[in-house]
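Residue numbers (the numbering used here), protein chains in the order written: chain G, 458 to 569; chain B, 82 to 197.
FYI, nobody ran anything at the bench for these hints, they're computed from the structure. Each hint should be verified, as a subset may be incorrect.
[Stated by the list, open to error] Covered stretches of chain G, going by a simulated chain B footprint (3 or more residues, C-beta under 8 Å): (1) 496-510; (2) 542-555; (3) 560-569.
[Claimed, not checked] Simulated restraints on C-beta separations: (4) B:Arg162 <-> G:Ala527: 20 to 30 Å; (5) G:Asp488 <-> B:Ser139: 16 to 26 Å; (6) B:Arg193 <-> G:Pro466: 13 to 23 Å; (7) G:Asn524 <-> B:Glu166: 35 to 45 Å; (8) G:Ser485 <-> B:Arg145: 30 to 40 Å; (9) G:Lys525 <-> B:Arg103: 20 to 30 Å; (10) B:Glu95 <-> G:Asn524: 22 to 32 Å; (11) G:Ser508 <-> B:Ser147: 29 to 39 Å; (12) B:Leu120 <-> G:Asp512: 48 to 58 Å; (13) B:Val93 <-> G:Arg474: 36 to 46 Å; (14) B:Ala135 <-> G:Asp488: 39 to 49 Å; (15) B:Gln161 <-> G:Ile475: 43 to 53 Å.
[Unchecked claim] Far from chain B, some chain G residues (derived; all Cβ distances over 10 Å): (16) Gln459; (17) Gly517; (18) Asn524; (19) His529.
Note that beta-carbon positions come from the ideal geometry of N, C-alpha and C, so glycine has one too.
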Amino acid sequence: DQQVKQNSPSLSVQEGRISILNCDYTNSMFDYFLWYKKYPAEGPTFLISISSIKDKNEDGRFTVFLNKSAKHLSLHIVPSQPGDSAVYFCAASGKTGNQFYFGTGTSLTVIP
Amino acid sequence: GAGVSQSPSNKVTEKGKDVELRCDPISGHTALYWYRQRLGQGLEFLIYFQGNSAPDKSGLPSDRFSAERTGESVSTLTIQRTQQEDSAVYLCASSLAPGRGGYEQYFGPGTRLTVT
């Protein structure tokens with residue numbers, strides 16, 4: 458039972474344009490949401506997070522939007538850069554933080 | 082400071098053998114997680130340690146899998162009688178105590194396990 462889903466396995470975007478990565482979840486008890494970036498042969502690195510009491514969090518070129526009624530979150534990268542090419546995972550957790558549920562990832566390619 | 086380290090980076094083993102994977106978390110991180118990532122799939126939660134509390138083992142797929150952690154230091158994940166379906170990248174992550182600003186996990190580079 459996949460509680461966190463990333464339905465787009467891949468995405469290609471031109472350099473300088475906006476990248477939008479989407480994530481859907483099924484558990485309304487999730488309290489905290491995170492995005493991770495992963496390069497080949499490396500572990501995921503934390504990118505940005507949002508708690509369920511907010512609907513937007515911004516950090517530089519990265520913005521995460523949360524729509525609780527739709528159980529949907531998205532990551533916007535503006536402007537996209539070639540170095541952003543990686544696999545992006547969304548993850549969700551309840552208040553206790555003892556289990557995190559990850560999506561299957563979206564491979565982003567930013568074309569120079 | 083030093084990040085999360087894992088060893089070995091790669092392990093090839095024969096079906097039926099036991100393997101032990103090691104994780105060194107970031108100093109001061111009380112929470113430690115093990116995940117498995119099979120080819121083309123997302124990260125699958127295995128086990129969670131928080132300080133001296135009893136670990137959350139609910140993600141372990143079978144009794145062939147076990148993990149230990151001494152205090153807030155090194156953790157080992159042991160897979161007994163390995164099967165081909167155990168082939169995956171095993172990732173370890175550590176964080177501060179969840180709920181105290183510690184939701185962000187820091188991952189190691191992983192151990193790629195291949196069972197032949």
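Evaluated hints:
With 7 residues having a beta carbon nearer than 8 Å to a beta carbon of chain B, the stretch 496-510 of chain G meets the requirement of three or more and the stated coverage holds. Restraint check on the stretch 542-555 of chain G versus chain B: 7 residues with Cβ-Cβ distances below 8 Å, three needed, restraint holds. Requiring three or more residues with a Cβ within less than 8 Å of a Cβ of chain B, the coverage given for the stretch 560-569 of chain G holds, as 3 such residues are present. The hinted window of 20 to 30 Å between arginine 162 (chain B) and alanine 527 (chain G) is violated, with their beta carbons roughly 45 Å apart.
Taking the beta carbon of each, aspartate 488 (chain G) and serine 139 (chain B) are about 18 Å apart, inside 16 to 26 Å as hinted. A C-beta distance of roughly 21 Å is found between arginine 193 (chain B) and proline 466 (chain G), which places it inside the suggested range of 13 to 23 Å. Checked against the given bound of 35 to 45 Å, the beta carbons of asparagine 524 (chain G) and glutamate 166 (chain B), roughly 37 Å apart, stay inside it. Range check, serine 485 (chain G) to arginine 145 (chain B): about 34 Å between beta-carbon atoms, so the 30 to 40 Å window is met.
Remark: the range hint 20 to 30 Å for lysine 525 (chain G) to arginine 103 (chain B) is contradicted by a beta-carbon distance near 39 Å. Between glutamate 95 (chain B) and asparagine 524 (chain G) the C-beta distance comes to about 49 Å, which lies outside the given range of 22 to 32 Å. Between serine 508 (chain G) and serine 147 (chain B) the beta carbons are some 34 Å apart, a value that agrees with the proposed interval 29 to 39 Å. Roughly 35 Å separates the CB atoms of leucine 120 (chain B) and aspartate 512 (chain G), a value that falls outside the hinted 48 to 58 Å.
The hint said 36 to 46 Å for the Cβ distance between valine 93 (chain B) and arginine 474 (chain G), and at roughly 42 Å that hint holds. Range check, alanine 135 (chain B) to aspartate 488 (chain G): Cβ separation about 22 Å, and the 39 to 49 Å hint is violated. One distance hint, 43 to 53 Å for the beta-carbon pair glutamine 161 (chain B) and isoleucine 475 (chain G), holds here, with the actual separation near 49 Å. Here glutamine 459 (chain G) does not stay apart from chain B, with its beta-carbon only about 8 Å from theirs, under the 10 Å limit.
Interface exclusion of glycine 517 (chain G) from chain B stands, the closest Cβ pair being 16 Å apart, more than 10 Å. Every CB of chain B is more than 10 Å from the CB of asparagine 524 (chain G) (nearest about 20 Å), matching its label as outside the interface. No Cβ of chain B approaches the Cβ of histidine 529 (chain G) within 10 Å, the least distance being about 17 Å, so the stated non-interface status holds.
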